[in-house]
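All chains should be modelled from the sequences, with the hints used to inform the complete structure.
Chains as they are written, first to last, in the numbering used here: chain A, 1 to 350; chain B, 1 to 603; chain C, 1 to 301.
Simulated from the structure, these hints should not be mistaken for lab results.
Predicted model only: the values in this text are computed from it and were never measured.
A portion of the hints provided could be inaccurate.
[Said to hold, decoys possible] Now the in silico label distances, taken between C-beta atoms and shown as ranges:
| # | chain 1 | residue 1 | chain 2 | residue 2 | range |
| --- | --- | --- | --- | --- | --- |
| 1 | A | Ile113 | B | Gly268 | 54 to 60 Å |
| 2 | B | Glu584 | A | Ser259 | 20 to 26 Å |
| 3 | C | Arg131 | A | Leu39 | 17 to 23 Å |
| 4 | A | Arg167 | B | Ser583 | 53 to 59 Å |
| 5 | A | Gly136 | B | Gly293 | 28 to 34 Å |
[Unchecked claim] Which chain C residues stay away from chain B? Per the calculated CB distances, all over 12 Å, these:
| # | residue |
| --- | --- |
| 6 | Ala57 |
| 7 | Leu202 |
| 8 | Ile209 |
The C-beta atom is built at its ideal place from N, Cα and C for all residues, glycine as well.
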Amino acid sequence: MTVTTDRVSLPEPPSPAPGPPAPGPTAPGPRARPSATALAVRIGRKLAGAAIVVWAAATITFLIQTLLPGDRATLLLNQQTGQVQERTPEELAPINEMFGFDDPLLIQYLDFIGGLLRGDLGISYTLYQPVTTVIGDQIAPTVVLTFTALAVAWALALVLLVLTARRTPWVSRLFSGLEAAAAALPQYWLGIILLVVFALWLGIFPVVSGSGTAGLVLPALTLGIPLAGFLAQVMRTEFERSLDEPFVLTARARGLSDSGVRIRHVLRHALLPGLSLTGWAVGAQFSAAVIAENVFARPGLGRVLVTAVNGRDLPVVCGVVMLVAVIYVITNLVVDAAYLLVDPRLKESA
Amino acid sequence: MSTPPSPSAPESGPAVNTRARRRPVGPAFGLTLAAVSALALTACTGTPTAGNAADPAADTAALTGASAAAGSSASPLRGGVIEYGHLQEPNCIYGGWIQENFTARQVLDNLVSATEDGSVVPWIATSWEISEDQKIWTLQLREDVTFTDGTVLDAAAVAYNFDYWLDGGNGTAAAHLGGFYDHSEVVDEHTVQIHLSAPFAPFLSTISQSYFGLQSPTALQTRTDEENCTEPIGSGPFTVRDWRRGEYIEFERNEEYDWAPENARHQGPAHVAGIRWNIVPDNTSRYGSLLAGEMDAIGEVPAVNIAQARQEFEFTQYITPGRPVVMNLNTQQGIFTEQPVRQALSFATDREANVESAFLGTVPFEPSGYLSQTTPGYDENAATEYPFDLDRADALLDEAGWTGRDADGTRTKDGQRLTAKVVYGLNSIITPDGNTVIQNFQEQARAAGFDLVLRPGTPSEFFGGAFSTPDSYDAQVGYWTSPHAGILNINYRPSTEDAPNGANTTFLDNAEVFETIQSALQAPTPQLVTERFSAAQYQLSELAPAIGLYAQTNTLAVSGEATGIWLEPAQGGPVFHDAAFTSEAARDASEGFASRTPAENED
Amino acid sequence: MSTSTAPLHDAGPVTSAGPVTSAGPGTSVGPGAFRRVPVTVWIAGVFAALLVLASFAPSLLATADPRAINLAEPLAPPSLQHWFGTDQSGRDLYSRIVHGTGQSLLIGLGATGVGVGLAVVFGSWAALGGRWADAVIGRAIEVLFAFPILLLAMVFIAVYGPSVPTLVFAVGLGIAPGYARMVRAQVMSVHRSGYVQAARALGHHPARILGQHVLPNALRPLLAVLTLGIGQSIVWASGLAFLGFGVAPPAPEWGALLEAGRPYITAAWWLEIIPGLAVLATALTATSLGKYVESTLEGDR
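What follows is the structure in structure tokens.
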């Protein structure tokens with residue numbers, strides 16, 4: 001949650017920006033449709049950039065996990081026995097030996113990176129399973145939850161937007177306020193309230209979600225509603241601005257219905273900031289998943305991550321971090337592509 | 001032993017089975033064994049022949065029977081899968097952590113089984129005797145036991161397991177027997193001798209814990225760590241069928257099973273087809289899932305729900321023996337190096353009212369800082385030497401020279417404030433209710449002029465040893481489960497250069513206390529064991545290195561649809577071998593294994 | 001890719017938005033909008049005043065001692081005596097919320113301040129420092145986005161212990177990359193705008209241009225986002241509390257209250273619901289004041 005929220009909040013940038021969607025005098029250069037080679041170069045650079053992001057994320061994780069205070073061998077031994085005590089060098093020697101904790105940091109790092117390059121994420125210190133298995137077992141529920149929550153958020157935001165933006169002032173203001181409220185909801189607060197109301201009192205949904213379909217609804221709402229608040233806020237500003245644009249008048253003059261104008265013309269402009277936000281939000285949603293997973297007893301990577309962080313299970317932490325990085329990177333690629341489809345300016349300039 | 005790093009780690013203890021409605025907790029706890037002198041060995045130690053411990057067995061069978069008999073008819077229904085909701089997920093099915101002890105109990109068998117009165121009854125070992133010098137235990141084994149991989153559980157297998165435990169296979173097992181275990185010897189196919197380097201009175205009680213569960217040597221030797229972690233091969237009533245991490249573990253009935261311990265309710269394979277051991281960490285969700293009928297049973301009933309659980313469900317609460325939840329004071333550095341200051345803090349707060357309020361009356365106050373009321377050898381008089389007495393606390397502090405007062409009322413001496421840093425593992429060792437007790441304690445202690453600063457720590461900090469040295473805290477809150485008073489040896493053996501003792505969290509270095517404990521461990525008769533442990537408790541009480549707060553408990557709530565689940569007394573884990581559904585409708589409504597395909601996520 | 005994202009769409013949406021307008025005469029805010037102060041803003045203003053009062057003189061609003069326990073009365077429901085009920089130690093929840101306001105706002109404002117501060121420095125640097133600076137900082141921002149900030153926060157708290165300053169810094173660090181990205185895009189587009197070009201042509205010192213023209217114009221449109229961040233930071237802090245990294249008890253910081261109330265949701269709803277409403281109300285107040293100020297400023301120009 002922690003994570004989430006922040007990320008989500010940031011990506012608001014487009015919203016407040018008042019201004020015509022038309023390329024302003026300051027627009028960073030016209031975008032010509034790139035030639036084939038230029039495209040290849042651009043793709044190449046993107047891939048290189050992606051690799052750097054993933055590498056950097058892995059490296060930071062490695063450093064954090066190795067340099068955090070507290071001895072890792074002690075931690076492992078204490079966890080295995082449930083104690084919180086100091087350990088003797090004799091007790092720790094076999095563990096240090098097994099995992100190479102005594103090696104110089106550089107050697108450990110090179111081993112670590114070497115393993116990554118071979119596609120070997122290592123073996124979990126505490127579960128004795130290959131990290132790929134640990135993640136593989138848990139990835140599906142988290143991905144399903146994350147993308148369902150995104151879908152829920154988009155659906156809520158779009159419906160609210162088209163129906164309520166720039167209507168009677170009090171309607172607009174009311175819903176704008178509701179969006180702001182939704183965006184400010186602490187996820188676990190929302191989650192526990194949904195759980196109590198819809199699962200415990202009304203009995204509509206199962207209390208223990210597991211990985212079933214019926215159990216997906218409440219967790220997805222828990223993550224989706226705050227995100228919908230953000231999305232709608234971001235898009236509302238743009239949407240209302242676009243309604244004032246000349247092309248809207250033109251479209252109306254051509255006899256298009258109000259909803260036609262809203263959906264076909266105005267919405268397109270409003271989608272852009274929403275798309276950016278989505279790209280940003282995906283990484284955060286993964287981390288937010290831990291809350292929904294805890295409250296609703298769902299399996300998933302969020303729980304794996306927190307457990308691994310608490311247990312300093314470096315291979316698992318690194319595996320999850322890199323997975324999130326990769327998904328973030330891929331999502332942003334997709335968002336790039338979506339931009340090309342949606343952004344009228346990019347098309348026009350082609 | 002083993003302080004479970006679980007928020008509510010459960011442990012063993014005499015069952016206070018309240019088939020709800022009738023019995024308020026208070027009296028039930030009177031069951032405490034303060035009077036029952038014995039360590040595990042009562043039956044056997046004195047007379048080298050002893051063996052089968054028939055009488056205690058009968059007793060316990062009756063006891064457990066009583067607790068389980070609740071809703072069962074003559075012939076329990078067969079079949080169905082029990083849905084059980086559990087707080088924390090283990091890392092492995094078998095290991096040194098309390099959570100792993102619970103799951104191991106379903107899959108592995110032990111040599112002996114603990115009973116509520118602290119004695120043991122036969123299980124895989126049918127009888128036992130001890131040599132004159134109390135250093136050699138000879139165990140006779142059943143001859144019909146096979147592991148689920150088809151290999152035979154014989155003397156060689158037992159000997160192998162002892163070496164395995166002590167040689168890194170289980171850190172908690174090693175903590176218990178390390179320093180006492182010497183070697184094992186196969187006498188014949190079904191007779192094994194365990195040689196100790198020194199007498200160790202609580203031997204049988206110790207090996208009744210599932211840390212000492214027997215595994216197939218063949219499996220241990222030929223399979224990978226991962227396989228032995230997720231699917232250990234034992235001879236127990238269930239085998240691991242599937243494990244979806246973060247969601248559930250499935251246990252399936254072992255159809256061959258015919259060697260349950262003497263205190264089990266029935267012999268032969270389990271009644272139910274299996275258990276789905278659901279991981280439900282959130283308290284509201286876990287209890288809610290029982291209310292909603294999604295679970296047939298749950299562990300770790302939240303304190304706020306216990307009153308209702310007593311009404312609605314078959315509710316069982318165990319008070320863990322061993323060290324209860326106590327505040328350990330650092331005797332090496334800081335304000336608690338002064339004995340009068342430690343005593344003053346012991347007098348300073350109304351701990352009984354505190355615990356009553358914080359747990360809404362559902363968990364008993366534990367006055368002793370050293371042993372819980374259910375530990376064999378607990379001395380109630382020694383435990384209650386520090387009632388709430390603010391005047392005495394003030395007098396002690398005045399005499400010790402803490403006469404100044406700061407603006408906020410904190411006492412001072414020579415410019416130093418009477419302040420102490422109290423660390424505890426919130427949500428990993430101390431539950432939210434326990435957190436309330438600590439906050440109440442902090443607030444009450446202000447009246448005597450103490451300024452306690454609370455510092456909850458994260459699991460990473462705690463297990464990484466951030467709070468393990470004398471300079472890292474003034475007081476630390478924790479508990480440590482153990483079926484016997486031998487825990488005092490673990491907690492109060494002075495640390496030396498050659499043999500450091502990280503478990504001595506008060507850093508108390510007192511030769512007299514240590515000698516008393518040693519003499520108790522090696523005492524030849526149960527009476528002497530008890531007497532000497534009593535003496536040790538009085539000595540400790542005078543020194544006041546720890547302050548008792550509340551009993552560590554383990555709870556179980558079972559819906560009307562199931563019956564026969566009981567908590568084993570060694571560590572308090574639920575036992576499902578005797579579980580059965582109460583009606584065909586309930587059984588048939590349970591979601592069987594067939595509907596899910598276990599192999600799906602295996603690779 | 002993510003990398004490329006920056007140049008590609010940051011420029012996209014933000015340019016489209018931005019200061020561009022401000023340069024021009026038009027404002028999307030109707031001329032009358034800022035003359036008449038809406039009721040919601042009045043409400044927000046009054047609430048904000050209460051928050052300030054609670055932060056600096058909590059005893060004026062709540063006379064009970066927020067630490068005083070009452071073992072005879074744990075989990076008492078709201079009543080005339082205890083407006084918001086009592087908690088598990090019998091402490092008065094109303095007093096605790098009032099006395100926790102200061103810490104909570106400090107976390108919200110402080111973390112936002114730290115985040116924005118870092119963002120302005122690095123965002124401007126990236127925008128104006130040339131290709132290399134932009135590439136390096138831009139990539140660093142990408143990495144932070146792709147990285148579970150939770151880990152960074154945990155390191156901080158593990159090293160320095162859970163306290164208000166640590167939380168402020170941990171949360172601030174967590175939200176900085178997002179702001180930095182916005183600042184960078186805004187600064188970039190303002191910097192290219194006509195009046196900045198003009199100032200440059202007139203030979204004004206770069207620092208003066210930055211301080212007088214670029215930053216004010218770049219940050220103004222971000223005001224609403226920044227105020228949104230205040231509520232978000234409090235939520236963030238409560239999330240850290242959820243994971244065991246909150247302010248140590250018995251401090252009545254709101255995130256800690258939320259986390260402490262969670263186990264009691266069915267038995268004592270007020271312990272969870274009321275602090276949550278306090279967080280919500282504060283976040284809404286900050287947002288609506290931010291929006292109003294922003295639109296007023298826009299209108300003024």
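Going through the hints against the structure:
no.	hint	in the structure
1	Ile113(A) / Gly268(B): 54 to 60 Å	holds, 56 Å
2	Glu584(B) / Ser259(A): 20 to 26 Å	violated, 58 Å
3	Arg131(C) / Leu39(A): 17 to 23 Å	holds, 21 Å
4	Arg167(A) / Ser583(B): 53 to 59 Å	holds, 57 Å
5	Gly136(A) / Gly293(B): 28 to 34 Å	holds, 33 Å
6	Ala57	holds, 19 Å
7	Leu202	holds, 57 Å
8	Ile209	holds, 47 Å
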